[in-house]
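Undergrad: Below, each chain spelled out in residue letters.
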Amino acid sequence: MLTFTIRRLFLSIPTLILISLAIFMLLQLAPGDPMAQVPLTVPPEVKERMRAALGLGQPPLVQYWKWLVQFFWIEPQVLIDHWFGTSFAEGKQRVISWQTRSPVMDIVVQRIPQTLWVVGLSYIVGILIALPIGIYSAYKQYSVFDQSGTFITMIGFSIPPFFTGPLLIVIFSVQLGWLPSIYDTTHVVRDWASFKVQFMQMVMPVMVLALQTTAQISRYMRSSMLDNLNQDYVRTARAKGLREGVVVMVHVLRNSMIPVVTVIALGVPAIFGGAIITENVFKVNGIGQLLLTALFASDLPMVMTLTFIFAILIVLFNLIADVLYGVLDPRIRYD
Amino acid sequence: MTDQALDPYAALQDKEPPKAPRSQWKDVWDQFKRHKGALFGGGFLMFITLAVILGPYVWQVDPQKLDIRNKDMRPIYVALWDGSAKVGWFRPLGTDNLGRCIMANLIAGGRASMAVGWAAMLLALIIGTTIGVLAGYFKKLDFWLMRFTDLVLSLPILPLLLVAVTLFREPLRQNFGPEGGMFILIVTVVGLTSWMQTARIVRGDILALKEREFILAARSIGTTSGKIIRRHLLPNVISPIMVSATLGLATAIITESALSFLGVGFPSDFPTWGKLLADAVQRMEQYPERVVLPGILISLTVLGVNYLGDGLRDALDPRIRGR
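Order-wise, the sequence lines are chains S and D. The opening position of the first sequence corresponds to residue 1 in this note's numbering, with each subsequent residue numbered one higher. The opening position of the second sequence corresponds to residue 1 in this note's numbering, with each subsequent residue numbered one higher.
A few of these clues could be false.
Said to hold, decoys possible - List time: in silico EDC-like cross-link candidates among lysine to aspartate or glutamate, alpha-carbon distance up to 20 Å:
| no. | chain 1 | residue 1 | chain 2 | residue 2 |
| --- | --- | --- | --- | --- |
| 1 | D | K140 | D | E211 |
| 2 | S | K283 | D | D279 |
| 3 | D | K26 | D | D317 |
| 4 | D | K71 | D | D82 |
| 5 | S | K140 | S | D232 |
| 6 | D | K36 | S | D146 |
| 7 | S | K196 | S | D184 |
| 8 | D | K139 | D | E211 |
| 9 | S | K283 | D | E285 |
Said to hold, decoys possible - Taking CB as the label site, the calculated pair distances span:
| no. | chain 1 | residue 1 | chain 2 | residue 2 | range |
| --- | --- | --- | --- | --- | --- |
| 10 | S | S194 | D | W144 | 54 to 64 Å |
| 11 | D | L141 | S | D106 | 44 to 54 Å |
| 12 | S | Y142 | D | K65 | 46 to 56 Å |
Worth flagging that the hints you see were computed from the coordinates, not collected in a lab. Keep in mind the model is a prediction, meaning the values are calculated, not measured. Just so you know, even glycine gets a beta-carbon here, dropped at the ideal spot from N, CA and C.
Work out the full structure: start from the sequences and follow the hints.
TA: What follows is the structure in structure tokens.
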């Protein structure tokens, strides 16, 4: 298992480099001009110099190499400096945003907690709702609960978040006035009352994202439970006199969780992607919103870095899913 | 005693008249009919497709026509609970802040959304099937094509779509006009980023089918590879292709609407469902129907397509069929 993990880790390096090259070359084709916002009175030769200052004058491969070095060599040093107070990265060129002229990673680090709170919490909530629904609808297959559960998950699949978001805002913020429609990221939780405000403003974005998760995972849970409920070992467990609760919740559930856990791991990057829309609806200033604003301002280093972070997430969680599958299921042997 | 009892061949003759032979597609249809959700889904998809195709001929109002005198009208049903609302039968679903008819806009937007959905789905199917068949049939290509598929699968799709659409908007607009360029761009990027599942499924099926006797027989009488693929393999993988086609249609419609919603879709005077929804979000407190109507249309269409896919999967799977 360990050798498999190490091998996969090494294999993911060329994959990531290829992906970053693909993204970089796509961005190179971009016609968007970072100088478009500069006033027309600025003479062309000054514009040329500004361009060179952004590192635009060099051939694409050199630019790509410099980005690689900055992202994989200098940024980790900055992180180490930050943690241990050393000065490895002193005076070295970091990835600079064209919008703010400050390091991209600093802005990303500022934005990530908001995204993580909303996205992470919604994923956990979604899973916590999905698992009991999946278990119970498999146990009572074709019952009213199962049928309505199937229908609701179908709806959850089909309604896009950019519709559920405004719909919830219309119902709960406009008509009923219960919840705020905009997520206030400057809010600090100090006491019970401010915690309540934080809770109220998180309910809607979290539930919108959780609906998507719930729909998907409860389907997987149900079909996985159904596969296991008719197995011989379940009959054996019942025959030796175990209580029904133990049979279902211990024997069947543990075996059914194996594929579900991998699906949960595989779904993490997708939910970060879905957060781009939800953040836009509820005005959460997380990394999805950061990506959108950077795109519209043709801030290529920022776009490049953020897209690549999304790619890292996908590759990483694919790896985690594969490893988990091998760890949990002794029948799977990778070596 | 009758003659019949003496007839020595009576036992060998059929008591009932022979039934007409059943074709595979009749079996599929019989199974499909038993899935009520799939019937409704397919029916709704056909209804909405016909409505957006024939709608402009029935409801002959120009969706772009500005009519400031009749701006901000409410849908006709608002009159049920609010007698003072500005409603009128000549604009049954109301008008927007520039007086454009919302019903005409919904029909025109549906045309755009469905056209994008179908075109992107077909493009993804063609790419996915080609790559899947090539990888499954030709052993030399298999490794590289599948590594390529894995690579594309680990690309972050939505960020890349946003990047591609924002970056290539201008040149394509200049070459093909604002609407045509955007249509080509969105169909291409959605198609190019959603073929992977089809390719994987088709490859798996082709790998299994390739070892069967009928392919060996076909090869032994000298059939060329191209003919084997076209006449023997493709008809056998049509069912997974159809199922992934329905899923592809649903994702394509949602992706197009999401792009329009994020403001990188079609130009502002060209309605699509996602665009109508996004434009209405600013004033949804006063006019919630402008958000809800396109949203419901998107959701119902996608729901219908998903149910259709569910029914097709059951109907086309011979192990489930007939139970």
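Undergrad: Next, verify each hint and record whether it holds.
TA: Each hint, compared with the structure:
With a C-alpha separation of about 16 Å, the suggested pairing of K140 (chain D) with E211 (chain D) holds against the 20 Å cut-off. At roughly 16 Å between alpha-carbon atoms, K283 (chain S) and D279 (chain D) fall within 20 Å of each other, so this suggested pair holds. With a C-alpha separation of about 14 Å, the suggested pair K26 (chain D) and D317 (chain D) falls inside the 20 Å cut-off, and the hint holds. The suggested pairing of K71 (chain D) with D82 (chain D) holds, with an alpha-carbon distance near 18 Å, which does not exceed 20 Å.
At most 20 Å may separate the alpha-carbon atoms for a hinted pair to count; K140 (chain S) and D232 (chain S) meet this at roughly 19 Å. Restraint check for K36 (chain D) and D146 (chain S): the C-alpha separation of about 16 Å stays at or below 20 Å, so the hint holds. For the hint linking K196 (chain S) to D184 (chain S), the alpha-carbon distance of about 13 Å falls within 20 Å, and the restraint holds. Annotation: proposed proximity of K139 (chain D) to E211 (chain D) holds, straight-line Cα distance about 13 Å (limit 20 Å).
For the hint pairing K283 (chain S) with E285 (chain D), the CA-to-CA distance comes to about 17 Å; that is within 20 Å, so the pair holds. Evaluation of the 54 to 64 Å hint for S194 (chain S) and W144 (chain D) yields a pass: the beta carbon distance comes to about 56 Å. Between L141 (chain D) and D106 (chain S) the beta carbon distance is about 45 Å. The supplied range of 44 to 54 Å therefore holds. Look at Y142 (chain S) against K65 (chain D): about 52 Å separates their beta carbons, and that is inside 46 to 56 Å.
In this structure, every one of the numbered hints holds.
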